[in-house]
Amino acid sequence: MPNPRIRVAVVEDDSRLRRTFTDILDSAADCECVGVFATGAQAVERIPPLAPDVIVMDVNLPDSSGVECVAALSPQLPDTQILMVTVYQDPETTFDALAAGAHGYLVKPVMKEQLLAAIREVRGGGVPMSPVIARKVIQTFRRRSPEQASPKPAGRRGAAAAVAATAPLPDGDPDALAPREQQVLELLVKGYSYKDVSKELGISTSTVGTYVQRIYEKLHVSSRREIMERSAKEPRG
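Note that the working numbering has the sequence shown beginning at 1, numbered continuously upward.
Just so you know, the hints here were simulated from the structure itself, not pulled from any lab data. From a predicted model like this one, the values you see are computed outputs, not experimental measurements. Please note that the accuracy of each hint is not assured.
[Unchecked claim] Distance condition first, Cα-Cα at most 25 Å in a straight line; then the derived BS3-like pairs of lysine-lysine:
{"no.": "1", "residue 1": "Lys-108", "residue 2": "Lys-136"}
{"no.": "2", "residue 1": "Lys-136", "residue 2": "Lys-195"}
{"no.": "3", "residue 1": "Lys-108", "residue 2": "Lys-190"}
{"no.": "4", "residue 1": "Lys-190", "residue 2": "Lys-112"}
{"no.": "5", "residue 1": "Lys-195", "residue 2": "Lys-112"}
{"no.": "6", "residue 1": "Lys-136", "residue 2": "Lys-112"}
Please work from the sequences and hints to get the whole structure.
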């Protein structure tokens with residue numbers, strides 16, 4: 001029997017983009033659009049009974065934040081994957097979305113094949129990351145650890161690759177990027193797909209996804225720590 005189609009709900013306030021996303025989904029043999037919503041209130045009320053496989057969620061909605069919608073929907077739909085698709089590129093918004101329960105983050109404009117690939121990837125347990133987000137994440141960690149070197153992606157397999165994969169984190173910081181994580185990020189910045197990264201580094205695509213999940217987790221912890229540190233330094237009146 002053929003695999004069932006991926007059931008997708010779209011939350012987007014721009015009518016033109018809603019139509020574009022719907023057309024893209026309708027054109028894919030393995031996807032099905034089960035609902036399109038223009039506001040956060042509509043999404044929170046109407047999506048749970050639909051129980052879609054994937055939600056494509058904008059961040060900037062007219063009545064609320066897409067991040068707030070994710071926080072409201074995620075506990076009700078533990079088997080639904082949420083993919084943020086937005087113009088926002090800052091690590092703080094990325095962190096907020098992931099902390100709320102999102103599983104991937106793409107930056108507009110998103111091409112047809114990029115959107116469909118991300119939907120398939122997130123449905124399969126992956127965590128899609130746009131090149132521009134990968135670049136922002138690298139910058140975030142470099143600001144935290146300016147002394148941390150950024151090794152070039154390895155083109156050879158063997159002893160050097162094994163050392164990079166198992167090297168300890170710099171300075172014992174559990175939130176710092178490991179060499180292999182930096183390599184994965186730098187390849188994503190160049191526009192490599194998970195499949196391309198796996199070929200370049202001699203690892204499986206599922207391992208690439210694991211590295212990206214770890215990077216997201218470290219961004220989550222790092223961002224939360226920085227917020228707490230800034231709050232502690234603010235004068236209290």
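Given the hint that Lys-136 pairs with Lys-195, does the C-alpha gap stay at or below 25 Å?
Since the Cα atoms of Lys-136 and Lys-195 sit roughly 22 Å apart, the hinted pair holds (cutoff 25 Å).
Hinted pair Lys-195 and Lys-112, Cα distance within 25 Å
holds, 18 Å
Hey, Lys-136 versus Lys-112, does the alpha-carbon distance stay inside 25 Å?
Holds, at about 23 Å.
Is the hinted pair Lys-190 and Lys-112 satisfied, with a Cα-Cα distance of at most 25 Å?
holds, 19 Å
Is the straight-line distance between the alpha-carbon of Lys-108 and that of Lys-136 25 Å or less?
OK: Lys-108 and Lys-136 at ~15 Å, within 25 Å.
Proposed proximity, Lys-190 with Lys-108 (alpha carbon, max 25 Å):
holds, 17 Å
Checked against the numbered hints given earlier, this structure breaks none of them.
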